[in-house]
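Given the coordinates of chain A, work out where chain B should sit on it, guided by the hints.
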Amino acid sequence: DQQVKQNSPSLSVQEGRISILNCDYTNSMFDYFLWYKKYPAEGPTFLISISSIKDKNEDGRFTVFLNKSAKHLSLHIVPSQPGDSAVYFCAASEGTYKYIFGTGTRLKVLA
Amino acid sequence: KAGVTQTPRYLIKTRGQQVTLSCSPISGHRSVSWYQQTPGQGLQFLFEYFSETQRNKGNFPGRFSGRQFSNSRSEMNVSTLELGDSALYLCASSWSATKGETQYFGPGTRLLVL
Chain A
109 DQQVKQNSPS
119 LSVQEGRISI
129 LNCDYTNSMF
139 DYFLWYKKYP
149 AEGPTFLISI
159 SSIKDKNEDG
169 RFTVFLNKSA
179 KHLSLHIVPS
189 QPGDSAVYFC
199 AASEGTYKYI
209 FGTGTRLKVL
219 A
Chain B
125 KAGVTQTPRY
135 LIKTRGQQVT
145 LSCSPISGHR
155 SVSWYQQTPG
165 QGLQFLFEYF
175 SETQRNKGNF
185 PGRFSGRQFS
195 NSRSEMNVST
205 LELGDSALYL
215 CASSWSATKG
225 ETQYFGPGTR
235 LLVL
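Quick mapping for you: the protein sequence lines, in order, are chains A and B.
For the first sequence, this note's numbering assigns the number 109 to the initial residue and increments by one for each residue that follows.
For the second sequence, this note's numbering assigns the number 125 to the initial residue and increments by one for each residue that follows.
If we strip away everything but chain A, and leave its shape as in the complex, we get (with noise of 0.2 Å):
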């Protein structure tokens, strides 16, 4: 059973236009949600993350929006650039040391 779905294997978006990664979950215990960003050869790398009494948090180029009623999540790069081509995986909290993650978003940044 697959608490949270990344339902887009993949995304190609223009450089400079808005890239636009999705996120569903269907715990409603979790409270915690955070972005992370893997080259290949690489591990995962922190990006952004939103607590569930917030439905918006900005970190420069990258925003989260959480929106608990429908128990989504996305995460919005703009502009986009071809360095952000990576894979994207969203994962979930409830606080009990342990994280559930999605099955990622591969984004290719075309120039």
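Honestly, the hints are just simulated from the structure, not real lab data.
Some clues are possibly wrong.
To be verified - Reference listing, derived: stretches of chain B covered by chain A, where coverage requires no fewer than 3 residues with Cβ under 8 Å from a Cβ of chain A:
| no. | segment |
| --- | --- |
| 1 | 139–150 |
| 2 | 179–190 |
| 3 | 201–207 |
| 4 | 215–225 |
We put the CB at the ideal spot given by N, CA and C, even for glycine.
Below, chain B without anything else, positioned relative to chain A:
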């Protein structure tokens, strides 16, 4: 400050063998988590250790085990390897793995079971 290191980086084993993977966390970090990454399954949580105690575990068979030493280094062991155990095994460290705390991942150990 040195990052999370994992050894070995690559490993080839045959079915039925056992394997031990090692993870050295960032200096000062006391929590180590292990994940298995396979195509189409994303990162699946194996277990988490803090101060030599396993605090949480995922839904993996008992063939998967781990431990943490007093210096916070951690090992995971997989016994009686199966073809389906072929995956990238990632470890991540943090100060205490509490909510809101960033986990730092190592580069992973890629295991191939033949």
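Okay, the hints, checked on the actual structure:
Here the segment 139–150 of chain B counts 0 residues with a CB under 8 Å from a CB of chain A, which misses the bar of 3, and the coverage is violated. Against chain A, the segment 179–190 of chain B contributes 3 residues with a C-beta closer than 8 Å to a partner C-beta. That satisfies the three-residue criterion, and the hint holds. With a cut-off of 8 Å between beta carbons, the segment 201–207 of chain B has 0 residues touching chain A; three or more are needed, and the interface restraint is violated. Closer than 8 Å: that is the beta-carbon criterion, and the segment 215–225 of chain B has 5 residues meeting it against chain A, so the requirement of 3 holds.
Of the numbered hints listed earlier, those contradicted by the structure are 1 and 3.
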